[in-house]
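Student: From just these sequences and the hints, can you work out the full model?
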Amino acid sequence: MTQQTKLGLGFMGPAIVIVVLLFLAPVLLTGFFSFTNMSTATGISGGTYRITESVLNRLPADQVRPDVIVSLSESQFVVDEAGLEAMRAEGLDPAFIEELAERHGAEVFTSGDDLEDAMKDLDNRPRSIRVIKGAVDMFERSLRDRDFAEEAAFTAALDDAVVDLTDNERVVIVQAAYSGWTMTTSNFSRLWSTPQTGQVIINTLFYVGMTLLLFNVGFALVLAITTTFLPAGQSAFFRAIWFLPRISPSVLYVLLWKWLAWDTGFINAVLGQFGMAGRNWMLDTTANAWVFVILINGFVGASMGMIIFTSAIRAIPKPLFYAAQVDGASRWQQVRFIILPQLVWPLLFVSTYQTLSLLTSFEYILLSTEGGPGSTTEVWSLSAYQTALSNYAGNLQYGYGATMALVLVAIGVAASLLFLRLFNFKHLVSRPRIEQ
Amino acid sequence: MEDGKRTWHIATILGIASVPLIIMYLFLVIDTVTDTTAGSPIPDRFTFEHWRFLWQRIDGRQSIWLVTMNTFIFAASTTVLVLAISSTAAYALSRLNMPFRRFFLAGILVLHGFPTITLIIAIFLILNMIGLYNTLIGVILVKAALELPLGIWIMKGFYDSVPWEIEMAGIQDGASRFMVWRVLVLPQVAPGILALGVFSFLAGWSEYILPQVLAPNANVQVLSVYLAGLIADDLNPDFNLFKSVGLFYMVPVVIFYLFFQKHLMNIYGGGTKG
Amino acid sequence: MQITLDKFTKRFGDVTVVEDMDLTVGKGEMVALLGESGCGKSTTLFAVCGIYRVDGGRILFGDRDVTRLSSQERNVGVVFQSFALYPHMTVAQNIGFPLRVQKKPQAEIDAKVREIAALVRIENLLDRRPGQLSGGQQQRVALARALIRRPAILLLDEPLANLDAKLRLDMRAEIRRLQQETGTTAILVTHDQVEAMSMCDRVAIMDRGKIVQFAPPRAMYDKPANTFVAGFLGSPPISFLDGRAENGRFVAEASGVDLPLPSHLASLESGRPIGIGIRSEFLDPSSTATVSGKISFIEAQGREDLYYLQLPDGKVVRGIQDAAHSAQLGDAVSWGVNTEAMLVFDADGNTL
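Protein chains in written order, with my numbering: chain V, 30 to 465; chain P, 1028 to 1301; chain Z, 41 to 392.
It is possible that some hints are incorrect.
Straight-line Cα separation of at most 20 Å, SDA-like style, residue types lysine to any residue; simulated pairs [as the list claims (entries may be wrong)]: (1) K35(V) / A1111(P); (2) K250(Z) / F268(Z); (3) K35(V) / V1046(P).
Computed footprint of chain Z on chain P; a stretch qualifies when at least three of its residues, placed anywhere within it, have a C-beta under 8 Å from a C-beta of chain Z [claimed, not checked]: (4) 1189-1196; (5) 1202-1213.
Where chain P lies over chain Z, by a calculated footprint (3+ residues, C-beta under 8 Å) [to be verified]: (6) 53-61; (7) 108-121.
Please keep in mind that the hints were generated in silico from the structure rather than gathered at the bench.
Source: prediction; values computed, not measured.
Yeah, the Cβ is synthetic: ideal placement off N, Cα and C, and Gly gets one too.
Tutor: Structure (structure tokens):
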């Protein structure tokens, strides 16, 4: 290995580790998680096996016989060899053990108290009640509300408790009793069949389309072109004003809009001077909510297009404009015939880039309407976020949320590959000129 | 093109469109030092009362200085990580012959346009699994990682513009490639390091979603989460207080921006923010 | 130290830029690699200094095989076309950098820097930065940096291309002086024949990755190996005519040219297709062998004028005459040619 290969790999090392751990792994794991039913209830590490009330309620539907369910639900104390062995290991009086085996061997008690009474009737019983209670516990064979960490242990206990279990019943019960997450494709069918999905898609398309058209491309273009015709001082002023939202922390920026639009906000204060009643302009109607969602995102988004278009316009040789003016071209003709043809690629770039960005980002909506009122301004990315990471119900559905995110990840990967094609990749990989 | 024709109508139209922004940012400053009678849009009293958060806690929340410190640690550590890793990795990509170079380059190119926020659910679960959930270090790592492809991309651009002859001269003078990088090349990309550093710092300073999702615990609260919490909890919002905290929060941003405007414009132009 | 290239081959991907090149530069000699851009001359230079890996053959410094050695191990001083000064360092730091790499004590570095700065005459510039220097001064700094380690070998890649015309004359002499004073073996890469011929002991003309001719400048000018070399060297450029040998004469009917061949070629068999080359200074009024045509263009060059003589078939012969010469544009004239000096080529373009 040459010196520069070693240095190169050494220099790349940390980047590779971080990228693999926090980029590649998340992309792959988003795919993986979307095939699980992971949620707050299942936890994210493994679960345990446990027969609970809700498990028992589910079993009849899965063709488990009623008497099996009864024996699962009952507490059971069986005087078996394992229990006797445990007593011997505890060092209890052998005579007591012998007598218990003789009189009650293989007998099944449905409560601990019954077994305790039976032990108290024995001749060789220990004097201490505490010891007897301890002995009773050694024969407990009921499954109800007991945790098993391993599947094997649970199955064994199951077979002890119910002698004539069929194979099908065993599988069904083990599955139902598992409290951790499992692999499933139900997220996809659920996403497909939920009516809300359609509404969220419509919301998303509306949000992305309107914001992009009106602001991120539309108004950005207007800003870039008009400021070209303004005197330097004025154009610098407007560019600075429209750049402010981009450099403002998102929380503060949205706070300012809230101050403008809320019940006690500026708009109401002004309208109040004319005797109009106050209202929450941001959230009182669906239409208003949409207006603000688009304004808030658009006022931020316009600046990126503005910068890119402006620099593209600046790259146009000045003599072209002089020549056009000499030829008597009006301002509009200059825009139409000189500026716009130069902006084809920047327009394409900004459109794709911003589409992707609007599709995936939800920060401003989360901070302003949170998808409300109701879920009328709920878009896909926000919906994924709320499903998996933040909702009022408290049951965070990581698996289902990951399924929703997977759609966006797939779009992101596709778009990134598109960028790879748009950029001249060949040019970027020009060979290093020092070879040794 | 300023062509001597009158441009007042253009300025007027732009001015009208900019009214919301002008009002919002103007009152962001004014409202922090004035009081306004309820129902009136115009402030009528001068006061420093809204800055009380500087010396007392608001509603039993943490001291602003502790939160500011957290934010600074978060932003600064992210910046250091991003700078250290991008300035080495980008050099390797730009200048060094190594196996898989094409592959790495394509990877960075794909990633620097990738919408990272879509990964937040998986990242949340990963941090939980490796025990970094609710720690500042976890958020720092994630933020740095998500910033990295853009950082490497930007630094690569700067390295690409350093003349090859400088490096050739360096190795002819007997220096190792490492020394060439450290002594000869790094100083040439100082503007890039500065720009990326400022950009990363501001990005970290302003970040909201990551700390909110990955470290909601109050011990490691940063300013964005603090401010969001302040607004969210209040039924009868005290906007003057919020704005004062907000202005306090934004001061470093404005200062940095004024000083490094040109560099930042370039990066924001290709940036990732919606 | 002698430099030997032995069957040196260099490829970039599928393209072979230099193939099986043999070249020996003697100790203390200065050799020019001359050719159009893309002929492989810079590639050869970069292989000699170790920036490029060698794909075939060997490179020897003296008896030492350096083919697989890294640049750092070769101890070669290089002056780049762009000078490649380190912009963030002062002149003194630039010049001292090779010694700093060797971890020499600062006092020793300072002393050596002053010594070499005196040699290239920039003692008063040591505290400046490269950005504050003129092109010629930068050139001197680059030379000083290349020479401070007393390298056995000095490589110069188009060192004068970035300088304006007047400065080039000065630096040509200056570089030659330094090379001779330090006794360094040097290779100069250039596309400028005047530079190559005026500065170097020998010139290697390269075309498409091969050395076409390797000889001292004078010998190469007088006896070019083929039409390529003849056409490359000399300004104004040589004029070629195609025809055949006929009883010891060169005949080109279409051009209306019939000249005696130089005496050593008088016995060339008749009917053989040949070509001749007439340099503009070969016109000789006293000669009886003449070419006839019409003057189609006159370039005033000061002391003398350059005339374009258009032959009947449109071919052009260029000739230099005293400015006092009275021919006018459009005049029909017959000019005598010094046929002994005339260059004669076979059908493949090789000199006979």
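Student: For each hint, tell me whether it holds in the structure or not.
Tutor: Evaluation of the provided hints:
no., hint, verdict
1, K35(V) / A1111(P), "holds, 18 Å"
2, K250(Z) / F268(Z), "holds, 12 Å"
3, K35(V) / V1046(P), "violated, 57 Å"
4, 1189-1196, "holds (count 5)"
5, 1202-1213, "holds (count 4)"
6, 53-61, "violated (count 0)"
7, 108-121, "holds (count 9)"
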